[in-house]
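2 protein chains.
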Amino acid sequence: MKLSALLTSAGINIGVCALLLSLYSVLRKQPGNVNVYFGRRLAEEHGRHRDSYILERFVPSPSWIVKAWQYTEEEILSAAGLDAVVFLRAIVFSIRIFSIAAVICVFGILPLNYYGQEMHHDHFPSESLDVYNIGNVMEKSRWLWVHCLVLYIISCAACTLLYFEYKRIAKMRQIHITRSPADPSHFTVLVRGVPKSTEESLSETVRHFFTRYHGPSYLSHQMVFRVGKIQKLMSNAEKVYKKFMHWNATAFDPRSRPNMFRCGLCGATSNSFELIRSQSEISAAKNNPTHSYLPEKECAAAFVFFKTRYAAVVASKVLQSSNPMLWVTNLAPEPHDVYWSNLWLPYRQLWLRRIATLLASIVFMFLFLIPVTFVQGLSQLDQIQQRLPFLKGILKKAFVIQIVTGYLPSVILQLFLYTVPPTMMLFSTVEGPISRSGRKKSACTKVLYFTIWNVFFVNVFSGSVINQLNAISSPKDIPAQLAKAVPRQATLFITYVLTSGWASLSSEVMQLFGLVWNFLKKYVFRIKEDDPASVPSFPYHTEIPRVLLLGLLGFTCSILAPLILPFLLVYFLLGYVVYRNQASNIMNVYCSRYETGGRMWPIVHNTTIFSLVLAQIIALGVFGLKESPVASGFMIPLVILTLLFNEYCRQRFHPLFRNFPAQDLIEMDKADEQSGRMEQIHEQLLSAYSQFPPESHNVCLVDGEGTSGSNRKDESTESRNDLSHPTLVGLPISRLRQVVTAVSMLVSLQSKSSPM
Amino acid sequence: MKLSALLTSAGINIGVCALLLSLYSVLRKQPGNVNVYFGRRLAEEHGRHRDSYILERFVPSPSWIVKAWQYTEEEILSAAGLDAVVFLRAIVFSIRIFSIAAVICVFGILPLNYYGQEMHHDHFPSESLDVYNIGNVMEKSRWLWVHCLVLYIISCAACTLLYFEYKRIAKMRQIHITRSPADPSHFTVLVRGVPKSTEESLSETVRHFFTRYHGPSYLSHQMVFRVGKIQKLMSNAEKVYKKFMHWNATAFDPRSRPNMFRCGLCGATSNSFELIRSQSEISAAKNNPTHSYLPEKECAAAFVFFKTRYAAVVASKVLQSSNPMLWVTNLAPEPHDVYWSNLWLPYRQLWLRRIATLLASIVFMFLFLIPVTFVQGLSQLDQIQQRLPFLKGILKKAFVIQIVTGYLPSVILQLFLYTVPPTMMLFSTVEGPISRSGRKKSACTKVLYFTIWNVFFVNVFSGSVINQLNAISSPKDIPAQLAKAVPRQATLFITYVLTSGWASLSSEVMQLFGLVWNFLKKYVFRIKEDDPASVPSFPYHTEIPRVLLLGLLGFTCSILAPLILPFLLVYFLLGYVVYRNQASNIMNVYCSRYETGGRMWPIVHNTTIFSLVLAQIIALGVFGLKESPVASGFMIPLVILTLLFNEYCRQRFHPLFRNFPAQDLIEMDKADEQSGRMEQIHEQLLSAYSQFPPESHNVCLVDGEGTSGSNRKDESTESRNDLSHPTLVGLPISRLRQVVTAVSMLVSLQSKSSPM
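Chain order of the listed sequences is U and H. Anchor point for the first sequence: position 568 equals 568 in UniProt numbering, and the numbering is continuous, going up by one each time. Anchor point for the second sequence: position 129 equals 129 in UniProt numbering, and the numbering is continuous, going up by one each time.
Only chain U is shown next, with the shape it has when bound in the complex (with noise of 0.2 Å):
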């Protein structure tokens, strides 16, 4: 590729960059678009100032960037929690690393390539590529010694900021923890495998159980009810049913808004089924909140209460039982995180299911190869004229030719892309996790991975020998081919950069699925009303892959193909605003209803630590093929520090990623029953845990704190009062009549009224 070719890309990208950051910038403003730009806010305040025309409104403007700057990390974390910090610090770290790895490289490796040879240099924009990279440089060339300094330079300074990153992380970690004073979770443990007996109920046996080996710090318990197709059943009817009763009120209501375009498809909230419960009803649930209506359907699955956290991490850690596939135990997630729908799945299935997952992880990951084979066919043009001889006459235009092999074959590529986080979210649903939070961590490295993999390593390899898929299949050739293989696919991952980076950043901050959804919603579908639902939680486990995968881009072409540095920059440094404000933005747009509590980092860190190894290990192959042995040797001892230094992290900081300090634990527990606050926790705690409260689930946290419990179960007490579920599914039948006779009557009005 061209210079020009490059320099085309580039202005595509900046341009729709521009076109999407002012449009973004105008669209905030418009009154129409705030469910889509502050659903968050949203929640919290219901429509200020709509409907204000205003000139201002419709002028570009930079006052959003000011604004994302004016959050202090403290105002985030409180808001948006550890994860959004984390993150933020993941940019902040690549922001800071390539910084310095931009300024040495450009101003000392970027000469060095660039005048590598006896060359006569062309006309500038239409040099190739190719002078800026370590492949211009002769062999044996006896400045391949600064290219081996600067990898030195560069990985000392990412293991030192990492080193502190990392610290820094860990201590925020321990903050966390210990200032949610009343967190349900840290009292709570979940038991699976519950063993089936004879004589007693489930929650029998947990109670004697409990009772007996853990007596002293035992509270209390509940079980998880297992939703079986009869309640599925009755779930749908009673969403048919509060559609059709929404139908009705929209329909005759004097009152309701005037909607004269509604179809009967649209999803609508009300509380049409408070009118089949009694107050009784609700207080027996609130008064014995492990009563069970269904009592058939209690499934070998509890949440277990102890009286101090202490207690609750002590149940979790020790093996209960002498066969371990029975009584297992762990800490439970918060109430919001809890994934209630995979908790009744046996605990002895979960480990096929690991297995299962892990498979068709690997399996969805090569079949990928099909597409990732296409797009790095177009990235050489004579294999696309040879393949495509129709297309001959159109790739004979210059510009034609630059769109091609510039910009064309990494849109594919992201096209396909969007396809992965879905399908790896699904993996990770099938997989069993207990809690969003775990889901989600694990749908993050399976994207990770699967990026990686499809598009630094297939790439790489397949660009360089097209169609030859068993370069891996000799490991101790890989340094070499990696040494070949990279360099020459640099342009490529220079456009990716570009397009998968800039663009995606400004449809990330211009919400465009939103955009477009907002649109049809209001003048296709015409719903009016605002389903708190719709609010998204920030989809990390398509963000850190994204750029963690940058960050590998960056670090193994820092010194081989050094042009990559200042665009990889601009991304982050655009990055770093953008998701600033989508965490003016995180506290704006998304909603966090759960969070890890920083367990991303830990991926962070190992996945920048592999792509310095990788970068030293191509180094080592480059120096190699360069024949520079000195060089080549100097890398071994890089390797083995950062090896080293990684196995030291690992040691001192990863361990209090997977558990919690008992020193801390203990402090807080005494700190709590001097000053007289257990009762409440342990009042609070009874009733954290609710398995069918279908509105409460969606409301966002809207106060500052949101990453307390006690607000959280303030919260979700208040919204026990409006519960429908629960008592749906213990309706006596004669209710239950009702229900069925209401569904009969919707489905005839349906057939004969629906405009669809």
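Since the hints were made in silico from the structure, they are not lab data. The structure displayed is predicted, hence computed values, not measured ones. Be aware that one or more of the hints could be misleading.
[Said to hold, decoys possible] Quick list of in silico lysine to any residue cross-link-like pairs, SDA-like style, CA-CA up to 20 Å:
id	chain 1	residue 1	chain 2	residue 2
1	U	K626	U	M138
2	H	K307	U	K484
3	H	K670	U	R212
4	H	K670	U	K67
5	H	K670	H	E683
6	U	K670	H	R207
7	U	K670	H	T211
8	U	K67	U	L20
9	U	K484	U	C156
10	H	K167	U	S321
[Unchecked claim] Distance ranges between label pairs, derived from CB positions:
id	chain 1	residue 1	chain 2	residue 2	range
11	U	F399	H	K140	19 to 29 Å
12	H	T160	U	R353	48 to 58 Å
13	H	P629	U	K171	37 to 47 Å
14	U	E199	H	A480	25 to 35 Å
15	U	A157	H	E673	53 to 63 Å
16	U	T211	H	E200	37 to 47 Å
17	H	L149	U	F366	24 to 34 Å
18	H	T198	U	E74	32 to 42 Å
19	U	K171	H	T198	16 to 26 Å
20	H	Y418	U	I636	28 to 38 Å
21	U	H208	H	I175	23 to 33 Å
22	U	H208	H	T72	35 to 45 Å
23	U	A157	H	E200	38 to 48 Å
Every residue, glycine too, gets a C-beta built ideally from N, C-alpha and C.
Given the structure of chain U, go ahead and fit chain H onto it with the hints provided.
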């Protein structure tokens, strides 16, 4: 190799075996060797019926085999510990599975291979062994499905047997734990990484921490002392002094036995230091076990005693501090099992040591390629003749050829292999384990990897592609490579079974080293005294890898070269008798001072699964080479099923080998509290771990209840009465001067009188 060469080799080995075994049955009756064969029993009862010349003593008799059979598993368990039983179970498992395999393969596969091709068969003994291999079966033969079916049967049988063995051993381990009612290790936690404080001593820090955070269950603690340079010097001085006193005694004491030729180099036990020790010192040490004579040598480790077993397990499982490198807790090993000289190692060093020894082991493994390459060169006659042309004349003789190709290679390999276990034991010591059993287990794993790599893989790969060690670098071709190479090397493996298996078994029963050492000691060095320290503990780290390696050879060769199976079966049967004898044997010959509590079994299980999968992968390759895609395809589900089975066992049983189930411990605690035994246990607990008991350390448990902790404790408290080391360490300066004078006297005497 011809069948006749194999028969020669078998003949030599049978001869050696028969000779050694009859020698054994004679020698074991000689009173002079009683401390070789009955070292254990000797520690018990001192020399009955010595010097009674009866003719019967010189007649070989199989009575020892009968005796070996008489012991029940219960007796072995109670006398020699769980590890001995686990080891015997591994052999029983091997006998069972290889009986099945031998019957099926010899009657099912062998004829198929023999008549696999339309060929003229030579006279029986001079026929090449290759006709019995799968290599003799024609390509696309329709009989290959028999091989496939047989492998299915063997795999299913192996998995079923493994499952029941695992279940049984898990149960035995549970009983082993619950049956040792007062094992001090159940109440004790080893804390490492105690943070240094300027304000208080380490001991104070430990007390404060545990009273603060584990107040209700904390009982006491005991610091670990670092044996510094001065102590080492003094303990050396003590040894020399002892020797001097002994020399004095033997030279001038009329009560001593007449001892004409005595050099000054031999160690001797005495209680000569008793004289400089006052009773008051002993009682002081007894009353205050944490009292230190040299407080400046305290190191950052301590044994912490808890009131209940459950509390100790909890403290060992929970992350204590927010710095995971501080306050690291593990369940303590049993008092005899503690590896004191590793306890002072700073905890933050251990991960580095672990990595360093791993690297050292790998380097050692690869350095070992040199002798192995030489050995496998020997088995290819033309290669030898080409390299060492002067041997051409000798190598013409048929008998020499048979010896060189059939017997010599495995003997040389065997000799080199003898250096491996001590080296690996050294590595495992450097690694820094806290217990002797942990060190042995670690050495066992290392030796196992080493043997499998160097005996199996290197022989297979470099045997087929001589001097070309890069076969491992292309994983995709491995099945095909193995499929080509394994049948070719099958004859080498058969001879390996003969030499390494049969001959080493008979040398094990003979205790050749012990016998030679005993002879030297008696007739060259003229030592009469029996040193109890010379009674060895059972070398699990050499025997388990050998049994597992032969199992690996059996599985991989079963359908390819079924001729190995009868030899293997004989080995295992012989092994069963020999090891039972040594376990009449472990009860007689060896001293089981410590044990892993059956934690060797997961190693056996995993290796067997590995062998099975390897056999299946090789079969996959072989069927591929024979162009039988159906049979080849049928191997893939078998591999997957075997791996799934392994994963199931890992989930179901493995946690039991790493943790104690809380349920059992709590029941034990309750039983002890109700019966009032707890107080007594607590009292014994405080004196259970003594860092400096030089003599008691070497005394083997002689009663029938070797695994019971209470007996051990009694014994160790008894042995405190003749402690000499701790008081030496705390000697006042005046006494130190006495020692130094004695040493200088001794040195001058030595230089004059030593006959060497």
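Now the hints, each set against the structure:
1. K626/U - M138/U: holds (7 Å)
2. K307/H - K484/U: Violated, at roughly 65 Å.
3. K670/H - R212/U: This hinted pair holds, its Cα atoms lying about 11 Å apart.
4. K670/H - K67/U: violated (63 Å)
5. K670/H - E683/H: Roughly 18 Å separates the two Cα atoms, so the pair holds.
6. K670/U - R207/H: holds (19 Å)
7. K670/U - T211/H: holds (14 Å)
8. K67/U - L20/U: Distance ~18 Å between K67/U and L20/U Cα, so the pair holds.
9. K484/U - C156/U: violated (25 Å)
10. K167/H - S321/U: Roughly 15 Å separates the two Cα atoms, so the pair holds.
11. F399/U - K140/H: 19 to 29 Å: violated (58 Å)
12. T160/H - R353/U: 48 to 58 Å: At roughly 25 Å between Cβ atoms, R353/U and T160/H fall outside 48 to 58 Å, so the hint is violated.
13. P629/H - K171/U: 37 to 47 Å: Hint violated: Cβ distance 59 Å, outside 37 to 47 Å.
14. E199/U - A480/H: 25 to 35 Å: violated (59 Å)
15. A157/U - E673/H: 53 to 63 Å: At roughly 59 Å between Cβ atoms, E673/H and A157/U fall inside 53 to 63 Å, so the hint holds.
16. T211/U - E200/H: 37 to 47 Å: holds (41 Å)
17. L149/H - F366/U: 24 to 34 Å: Because 31 Å falls inside the window, the suggested range holds.
18. T198/H - E74/U: 32 to 42 Å: holds (34 Å)
19. K171/U - T198/H: 16 to 26 Å: holds (24 Å)
20. Y418/H - I636/U: 28 to 38 Å: holds (33 Å)
21. H208/U - I175/H: 23 to 33 Å: holds (24 Å)
22. H208/U - T72/H: 35 to 45 Å: holds (38 Å)
23. A157/U - E200/H: 38 to 48 Å: holds (40 Å)
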